[in-house]
Structures are given as structure tokens and as C-alpha cells.
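Single-letter residue listing:
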Amino acid sequence: MKHLISIEDLSKSDIERILNLAEYLIPVAEGKKRMEIMRGKILANLFFEPSTRTRMSFEVAMKRLGGEVVNLTSQEASSIAKGENLADTIRVISGYADVIVIRHSLEGAAKFAAENSSVPVINAGDGAGQHPTQTLLDLFTLRREAKLENVKIALVGDLKYSRTVHSLVKALKLYNAKIYYVCPDTLMLPEELVEEVGGERVALEDIISEVDAIYVTRIQKERFPDEEEYRKVAGSYVITSKILENAKEDLIIMHPLPRVDEITFDVDKTKHAVYYKQAFYGVPVRMAILCEVVEWSN
Amino acid sequence: MKHLISIEDLSKSDIERILNLAEYLIPVAEGKKRMEIMRGKILANLFFEPSTRTRMSFEVAMKRLGGEVVNLTSQEASSIAKGENLADTIRVISGYADVIVIRHSLEGAAKFAAENSSVPVINAGDGAGQHPTQTLLDLFTLRREAKLENVKIALVGDLKYSRTVHSLVKALKLYNAKIYYVCPDTLMLPEELVEEVGGERVALEDIISEVDAIYVTRIQKERFPDEEEYRKVAGSYVITSKILENAKEDLIIMHPLPRVDEITFDVDKTKHAVYYKQAFYGVPVRMAILCEVVEWSN
Amino acid sequence: MKHLISIEDLSKSDIERILNLAEYLIPVAEGKKRMEIMRGKILANLFFEPSTRTRMSFEVAMKRLGGEVVNLTSQEASSIAKGENLADTIRVISGYADVIVIRHSLEGAAKFAAENSSVPVINAGDGAGQHPTQTLLDLFTLRREAKLENVKIALVGDLKYSRTVHSLVKALKLYNAKIYYVCPDTLMLPEELVEEVGGERVALEDIISEVDAIYVTRIQKERFPDEEEYRKVAGSYVITSKILENAKEDLIIMHPLPRVDEITFDVDKTKHAVYYKQAFYGVPVRMAILCEVVEWSN
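Protein chains in written order, with my numbering: chain A, 1 to 298; chain B, 1001 to 1298; chain C, 2001 to 2298.
Hints listed in this document are in silico derivations from the structure and should not be mistaken for laboratory results. Just so we're clear, the structure is a prediction, and the values are computed from it rather than from any experiment. Keep in mind that the hints are not guaranteed to be accurate.
Claimed, not checked - One-sided and incomplete, this derived list gives chain A residues near chain C with beta-carbon spacing under 7 Å:
{"hint": "1", "residue": "Asp9"}
{"hint": "2", "residue": "Ser11"}
{"hint": "3", "residue": "Ser13"}
{"hint": "4", "residue": "Ile37"}
{"hint": "5", "residue": "Gly40"}
{"hint": "6", "residue": "Glu68"}
{"hint": "7", "residue": "Ser74"}
{"hint": "8", "residue": "Glu76"}
{"hint": "9", "residue": "Val92"}
{"hint": "10", "residue": "Gly95"}
{"hint": "11", "residue": "Tyr96"}
{"hint": "12", "residue": "Asp98"}
{"hint": "13", "residue": "Arg218"}
{"hint": "14", "residue": "Gln220"}
Note that CB positions come from ideal geometry on N, CA and C, so glycine has one too.
One chain only, chain A, in its complex shape (with noise of 0.2 Å):
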């Protein structure tokens, strides 16, 4: 039995096959064809903490391949974070259904579930741990917008404390990407990961003529001391039109959303953005990984 708890427990020739599968079943995410191979199958999205777009677009992906989806309700999750054994609660769970999708605060909460599962589990974010599923669909976004081998990137913002920051880097080293990290001093990637994946630390404009992607994330108001503090380093982060004036014609601009100000609303409309296409992608990549796991026959 297989589960995706880490972007670790796959090879790179894991991550092609998956990638390969997402290609082939966009037309089934827009809706444009009908392939019902999880038909009968059930998906248990287990939410205990709440993301609108990962856990939706999960019940497309199941939905759209003709599976069914039962949901935790918030008080149902609220309960049995307040007391419950959790071991209890996956071992009755993976009894009712075919696949779990288990998101949680607390790091390391996926491997536990898929250590007490008799089915398939799929990590959707574990607090500061791991987000796997949403660095497939980065890696899909560049592959399918701009190009994932040899792929010069810049990852702008808070590079300390996201985890999907962390999780892209150890995937884009499988890649021979050229990375370039542009953040404040205080949220710099963390020493032993640059140590492993490389990169180094510019400033935007240095690179921004070069650099096929940005990869932006939010700077949150919680990690600085004072609110005026914040509002001077999170303003230099931020990514307009204007700096966009020396960016290559086909450079892209990723962002996991939700986005608050870290890019401007003008940058919308431009060709260089892609996160709401990113954000779509989410279904045709959690399609192919629902396929990788579950055990179907059509």
C-alpha cells in the first residue's frame, strides 16, 4: 500500500509518472471529458484545520473521476481534537473508506494516520511539516508554464517558516534548478536546507532579467516585532508592474495563495501570471495522485 506522506518518499522517475498523469487528465479536471475510474471508490477528507482550496479541490479531483467524498464536518474535527485518540479515529475511518486525506496542525500527524491505516493516506499539510501534494502541482505549474529542468527560479518572501517553500526547494534540486532566494535577513531559508539544495541569496532586481519564475509567499504580521517594522521589510517584498518592466517576455509568477498585498493587483492581468492557473492545476495533479494511490481497475 502506498501513501504520500512526504515529496520525499518519491524518486524522480515517481514524480514524472505523476506529472505525466496530470497532463493527460486535464480535459477530466475542466470537465470537458468523463473518465470514471474511482467510481464506487470513497475519499474521507479529514480537515482538521481548515484550507479551502487544498481540501476542494481534493473532492473535485475524487469527484470529477466519478469517486464519491465523505467530509469531517468542523465540529465533528474540533471534537476530536479535543479528546479523542486520533489512532482510534483513522483505524474506524480507513474502515469506511477507500483513501484518506488528512490535514493537520501538527507535524508528523500524517505518518501517525498512515501508521494506524488500512488505506491509502495522503498527507494535505501537516503544520510545519510537509505539503507534498502542493509541491507537485508547483513543479506541474513550471513544467506545463515555463520549464522544470535547468529552471532558473526566485523565491521571494518568507523562505524561514513555509513549509512550501521548504518542501519545493528539495524538489527542484532533483531538477538542477538554478535557485535565487529574495527575503529579509530574519526569514531567510534555513542554513541546513540551503546547505543541501544550493542557491543563493540576491536581490530582485539583480536577477529579475534572467529568472524564469518568482515563486512569492506571504510575509505574515505575526513574525515581526511591531506592525510598522513589518509594513517596511513586507513593502520591499512586494511584486509590481514596475519591477516586472526588466522580466524576461515568458517569465511566471507562482504564488500558493491566499494572497494578501505581496503582489499587486495590476500584476494580475499580465501574462506573467499564473497562480490562479496554478491553483487549478491542483486538480488534475491531486487526480493523478488519487490514481497513484487508491487501487483501481476500469
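Dock chains B and C against the given chain A, drawing on the hints supplied.
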């Protein structure tokens, strides 16, 4: 692409087409006939405010037509309401679904959603704004249970703040209705609306023997300076069996529900009470609306 | 039209018919066989109180049979609970669905719902009242994993307040069971029930080598004047591997879940532990109940 934001988006012939289709769909709504024309389609139900009847009847309408529904959870709704960008949310969700149904506490929210959506948007109530699908089911109920052309109808209760009433009177104007207003001084229909649609203020007992339909709405405590005043006023607008003694044989009583005590329980058992049927008609009417806005092929 | 409100609504032959059908439906519940006899039918899951296992297993049961499910959201449930009229809510929802499952904190709520519904109502727990589908799955577990006729069973823990136990003993009476009560003085089965069903109070060690089944329920802290007293008492009713050393080879241990610490974790791995299977049996048993109450044709 068609949206349904306001009842005024529809011409009389649009309304007729929808009501005719709803009529045809009644056996499907009752589960007696199968017609899975929405198979493979996905409706996103975005209720930022709870509304059991409206949300559920949309979900049932879609499912009876063979389609799938993805609901926002309460917790997701409140986390979007708190900090996220509604435009971004809609852009992303319109990439997941084939049609969006939205209920929001702010007037104009549905129109704003439509402007940012790549799929049809249906307004399921936007604050003090519009609730066009309620109006269509009200018209359907009148047509099926009483009559629509030249109907004589008394609107009872809170005519000032009721979104339902404001939309209804506009639509009734298309049908040459004779409208009576039965309400406290402070809760009369806004003057500009009276100018637009006509009608006269009366006491219920003066027209009870003449009207084809009574449409009752709740008078809310919050509209009055104190509870004593509220009781006195609201008490005069309660529909009882006694009042109905002089009614026409085939008078119908409508209510958008939920009802508190503006219709006494003894009325429920009379042949006049059609408010449960009216609630049921929400299903075939919303089915017809879905067929109208979602592209489908059978 | 059939409702299922209380286990006492069913004769022994009704129970047998349901359990036989559940047996037949196990491969469908496991997703290994397809039998979409609820296709086009809609179940309304009205949980006014959260109950993950019961709600989810009903949803899975309906979906594995090809049917659709509409859930009340947490926020809708609380807004109905706060101000609306349950009778009106049920009248409306029974116009939308083919069967209603209701869980409510007030005893009698399910019966009241049935009186106002135009479709079958299944009680999924009404406060201190009944929980007949739990009783049926308990009987099914006994029949399949141990035996039902002439079973020797020890009920352990809180026998005074446990709704589950009260319903179970009534049903066991039909099967000539030998019942033992293992509980603190203050948590003994109500006297009138003992008079009705018989059985005797014992210490677990005196009958452990003799019983076919142990049914464990949680002792709740709130039943005791202070935490110290609770710990002392509850600690004496914990099932451990040690206690099981003298048990029959094929003794089974049941628990309605969630479990806190009334069964130690080392017991989970023994052949005696059937509580996860018992939870799974909720699916085929609820499938059989749905087939029993919903009109269907294949």
C-alpha cells in the same frame, strides 16, 4: 455566459421559460423520474451565511439532476470572510466548478463574484440586495397553486426590510397583479417601490374575501424600540384560522420560511396553507435555473 | 411508511431480516462489490449533535449503495437549534429527501421528527433516549464474531447512563442471553431495566473464563464528585491484557467508541479486540436499515 444576480436580469419570457421547465421537472424533483443531465458537472455552494433551505434545495436540485456538489464548510466560510480576498477565492473556485451559487451578507457580493468568475454565478441572497431564485419559486407557487396573471395578492408583515418582498413586487408587476400592503406604519414598502409597482395599503379584513393569495413575512423584534411595542404591533399581523373564515375557498397562504409565530399552527392543516409546497418548489425551480445557466448536453 | 425510532419497534424476525441482509451486504460495504440500489435517492443527515462515526457510516452506507447524501452544516444545525421550529424544518426537508437520519440532544426528538415527516426517519441517537442502529450493529457483531442465541455477555463500565447499554439489554432479552453487570455501585443499570431483562451483578474476574463477550463503555468524569474519586473508581474497570489471561480463547471485546482509557492499548493487538470491526459493521448494518425503510427498485 449567463449569471442570475437579480430578478430584473430576466424578461417575462425568460421567467416563463424557467417556470415551464420547472413544471416539467417536478417528477424529477420528487425522485420519481430520473434525468441525469448534470452528470459530471460540479456546483460549488458558497454560503458565507447559513441558509438551510436555500443551500439544501440547491444541493438536492443538482444531485437529482445527476450532478455533484461541493460545499464550503462553516469554518472555511468564516476564514475567507475574515481575511481573504473574495475575488481571488472566486477566481480559484470557478476553476474547480461548473457553476457557483453564492450567499453573502453584503449587498453586491454576488455581482462582484460574477465579475470575477469564469463560470456562471447564481445569487442565493446578498444581504439587503436580491434573492432572485426565491422570487422565481414564489412566482411558480402562485402560478401552480393560485394564478399569476391578474393575481390579487396581499403582502403581510415587514414590507420595508424584506428582500423577498422587494424582488417579488417587481416581478408581480410583469403579471398585472393587484397588490395590497398589510403592515404597520413603520414597516411599509419603500415609497420609490410603491411608485414603481403601484398597489395600495389596506387592512386585511377589508380584502380577505377578495384576494387569491396572502404572502406573509416575519416581523423582526430588532425593528422595534422595545419588546412590548413589538408584541403589540406584530400581534396584529398574525394569520389565524379565525381571520380566514371570510377568505375565498381557494385562497393560498405563502411564507418564505422560517416562520416564527406570524401564522398560527392551526392554519397549517387548512387547505389554504401552501408554504411547505412552496419550499418544495424550490427544488424544481432551482433545477430549471441550473439548466438555464449551466451548459449541458444529454 | 416505516420509521426506525426505537429498537423496540422491531420484532425478533425484523431484526433477523436486517442482520441477514447486512451479512449479504458486507462485500458492498467493503467496496468490493457494486450494488447501486439507492441510485437517485437522497438521504438527509440531520446531526444536531456531532457524531463522527454514526454520521460518516450512514453517509458511506448510502454512497456505497449508489445514493446521495445531504448533510446539515454545523452552523445550520446551531441556527435551527437556536430559533427555528423543528417541525417546520422536518416538513421542508422531508420534501427534499427520500429518508432522514436524525441525531439530537433531546429525548423524543426523533419520534417528533417522524410525526412531522413525509419520508422515513431513522433515529441516530436522541439524548438519553434510543440509538437503535447502534444496537443493531452490536447484535450483528455478536452474531458474526461470537454468538447471539444464548450468548454470555458482561457489560462493563457505566450501565446507568449509557443509552447504548439500555437498548442493547432489551434486544439481548430476545436471544435468551445470560447478562452480567460489572460496574461501580453508583453506575448500575436502572432497577426497572434489571427487572425487565434479568442478569446479575458480578466481579469481572469471577466470570471472565466463562463469558463469550465483554461490552465496555466509558465511565465519564462528570459522573463523579471529584477527579480523585473518578480515577479510583474508573481504574477498577479498565480492561487489560492481564485480566484477559483467564478468558476463553474466543472471547470478544466490544466497545461503541470513542474509547478513552477503559481498554489499554496492548489489548488492541489481541485476537479478542473486535471494536474496530464492530465500527465497520456500522456500514453494512446501516445499509440494510436503509434498504428496509427506503422504497427501492432495482
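Quick rundown of the hints versus the structure:
At a threshold of 7 Å, the smallest CB-CB gap from aspartate 9(A) to chain C is about 25 Å, leaving the interface hint violated. The interface hint given for serine 11(A) is violated, since its Cβ lies 29 Å from the closest Cβ of chain C, which is over the 7 Å cut-off. For serine 13(A), the suggested interface contact is broken, since its CB lies about 30 Å from the closest CB of chain C, more than 7 Å. Contact between isoleucine 37(A) and chain C, as hinted, is not supported at the beta carbon level, the nearest pair being about 14 Å apart and thus beyond 7 Å.
Below 7 Å, beta-carbon pairs count as interface contacts, and glycine 40(A) has one with chain C at about 5 Å; its hint therefore holds. Given the 7 Å rule on beta carbons, the hint for glutamate 68(A) holds: about 4 Å separates it from the nearest Cβ of chain C. Nearest Cβ of chain C to the Cβ of serine 74(A): about 5 Å, under the 7 Å cut. The hint holds. Because the beta carbon of glutamate 76(A) sits about 5 Å from the nearest beta carbon in chain C, less than 7 Å, this interface hint is met.
This hint holds: valine 92(A) has a C-beta 4 Å from the nearest C-beta of chain C, less than the 7 Å allowed. For glycine 95(A), the suggested interface contact is upheld, since its CB lies about 4 Å from the closest CB of chain C, less than 7 Å. Residue-level restraint check for tyrosine 96(A) holds (minimum Cβ-Cβ distance to chain C is 5 Å; threshold 7 Å). The beta carbon of aspartate 98(A) comes within 6 Å of a beta carbon in chain C, closer than 7 Å, and the hint placing it at the interface holds.
For arginine 218(A), the shortest C-beta to C-beta distance to chain C is roughly 27 Å, which exceeds 7 Å, and the interface hint is violated. The beta carbon of glutamine 220(A) is not positioned within 7 Å of any beta carbon in chain C (closest approach about 27 Å), and the interface hint is therefore violated.
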